[in-house]
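Novice: As you go down the protein sequences, you meet chains A and B in turn.
All the letters of the first sequence, read from the start, carry residue numbers 28 to 137 under my numbering.
All the letters of the second sequence, read from the start, carry residue numbers 95 to 207 under my numbering.
A couple of the hints might just be wrong.
As the list claims (entries may be wrong) - Derived DSS-like pairs: lysine-lysine, alpha-carbon spacing no greater than 30 Å straight-line:
(1) K151(B) x K108(B)
(2) K105(B) x K63(A)
(3) K63(A) x K151(B)
(4) K151(B) x K97(A)
(5) K78(A) x K97(A)
(6) K165(B) x K105(B)
(7) K84(A) x K63(A)
(8) K97(A) x K84(A)
(9) K86(A) x K97(A)
Unchecked claim - Computed beta-carbon distance windows for the label pairs:
(10) N101(B) x S57(A): 30 to 36 Å
(11) H102(A) x S156(B): 37 to 43 Å
(12) N112(B) x E44(A): 44 to 50 Å
(13) A105(A) x R109(B): 44 to 50 Å
(14) E122(B) x G121(A): 22 to 28 Å
(15) R109(B) x P35(A): 32 to 38 Å
(16) G68(A) x R158(B): 24 to 30 Å
(17) Q85(A) x G97(B): 19 to 25 Å
(18) G97(B) x R87(A): 23 to 29 Å
(19) T205(B) x Q85(A): 35 to 41 Å
(20) T207(B) x S57(A): 40 to 46 Å
(21) A105(A) x T114(B): 31 to 37 Å
(22) I106(B) x P35(A): 32 to 38 Å
(23) A95(A) x P102(B): 41 to 47 Å
Since the hints were made in silico from the structure, they are not lab data.
Where is the CB? At the ideal position from N, CA and C, for every residue including glycine.
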Amino acid sequence: GQQVMQIPQYQHVQEGEDFTTYCNSSTTLSNIQWYKQRPGGHPVFLIQLVKSGEVKKQKRLTFQFGEAKKNSSLHITATQTTDVGTYFCAGPRGANNLFFGTGTRLTVIP
Amino acid sequence: DTGVSQNPRHKITKRGQNVTFRCDPISEHNRLYWYRQTLGQGPEFLTYFQNEAQLEKSRLLSDRFSAERPKGSFSTLEIQRTEQGDSAMYLCASSRRENYEQYFGPGTRLTVT
Numbered sequence: 028g029q030q031v032m033q034i035p036q037y038q039h040v041q042e043g044e045d046f047t048t049y050c051n052s053s054t055t056l057s058n059i060q061w062y063k064q065r066p067g068g069h070p071v072f073l074i075q076l077v078k079s080g081e082v083k084k085q086k087r088l089t090f091q092f093g094e095a096k097k098n099s100s101l102h103i104t105a106t107q108t109t110d111v112g113t114y115f116c117a118g119p120r121g122a123n124n125l126f127f128g129t130g131t132r133l134t135v136i137p
Numbered sequence: 095d096t097g098v099s100q101n102p103r104h105k106i107t108k109r110g111q112n113v114t115f116r117c118d119p120i121s122e123h124n125r126l127y128w129y130r131q132t133l134g135q136g137p138e139f140l141t142y143f144q145n146e147a148q149l150e151k152s153r154l155l156s157d158r159f160s161a162e163r164p165k166g167s168f169s170t171l172e173i174q175r176t177e178q179g180d181s182a183m184y185l186c187a188s189s190r191r192e193n194y195e196q197y198f199g200p201g202t203r204l205t206v207t
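Same shape as in the complex, but just chain A:
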């Protein structure tokens, strides 16, 4: 069945260091979404990527969609304590729901 794996599972960084999480799908995706979930919170939509090779930026966050549309990455430059949380990628499964990755939990040490 469809699988979406993320690595690493956990990442601890010093504040100011960069952070990258990678998302790999076993199948080609029509699009990919990224969500952030703060500790004790709920997933919050960050971005959607649709085109092969697409790169989008949101301030210190850079999102990429692979050429084969089977992988994606999220890179955060100069992490801040507000970046703490779990980052999930999610791909569509059929037309009606999302299949979430395993998530990467980011801890930022001040």
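Place chain B on chain A using the hints.
Specialist: Structure of chain B alone, referenced to chain A:
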């Protein structure tokens, strides 16, 4: 845009009891989703409504689970004869159209003792 709301936020129940959760989506969103999330995992899809029609159910949704969205607005998720394995966060989300971003509610945390 008042966001997605869910009630109750926490529910503690004894094994064998029935529980019902409510979700109020963003008003103009006709698509509504239920997910279950356990500690350290991503949300797992349970079921999906477009307006009042329940169009898809996951195999995770056993016969003890039922969901409704009677007027295409709010939705309820009922779990009958709860089991300890049902303990999880139940998340509701809504969206404007397919393959569009989903807006999640704060969730209902269920603990079955």
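Novice: Would you mind marking each hint as holding or not holding in the structure?
Specialist: Here's how the hints hold up against the structure:
no.	hint	result
1	K151(B) x K108(B)	holds (26 Å)
2	K105(B) x K63(A)	holds (25 Å)
3	K63(A) x K151(B)	holds (25 Å)
4	K151(B) x K97(A)	holds (25 Å)
5	K78(A) x K97(A)	holds (11 Å)
6	K165(B) x K105(B)	holds (25 Å)
7	K84(A) x K63(A)	holds (15 Å)
8	K97(A) x K84(A)	holds (20 Å)
9	K86(A) x K97(A)	holds (25 Å)
10	N101(B) x S57(A): 30 to 36 Å	holds (34 Å)
11	H102(A) x S156(B): 37 to 43 Å	holds (40 Å)
12	N112(B) x E44(A): 44 to 50 Å	holds (49 Å)
13	A105(A) x R109(B): 44 to 50 Å	holds (49 Å)
14	E122(B) x G121(A): 22 to 28 Å	holds (23 Å)
15	R109(B) x P35(A): 32 to 38 Å	holds (37 Å)
16	G68(A) x R158(B): 24 to 30 Å	holds (28 Å)
17	Q85(A) x G97(B): 19 to 25 Å	holds (20 Å)
18	G97(B) x R87(A): 23 to 29 Å	holds (25 Å)
19	T205(B) x Q85(A): 35 to 41 Å	holds (36 Å)
20	T207(B) x S57(A): 40 to 46 Å	holds (43 Å)
21	A105(A) x T114(B): 31 to 37 Å	violated (46 Å)
22	I106(B) x P35(A): 32 to 38 Å	holds (34 Å)
23	A95(A) x P102(B): 41 to 47 Å	holds (44 Å)
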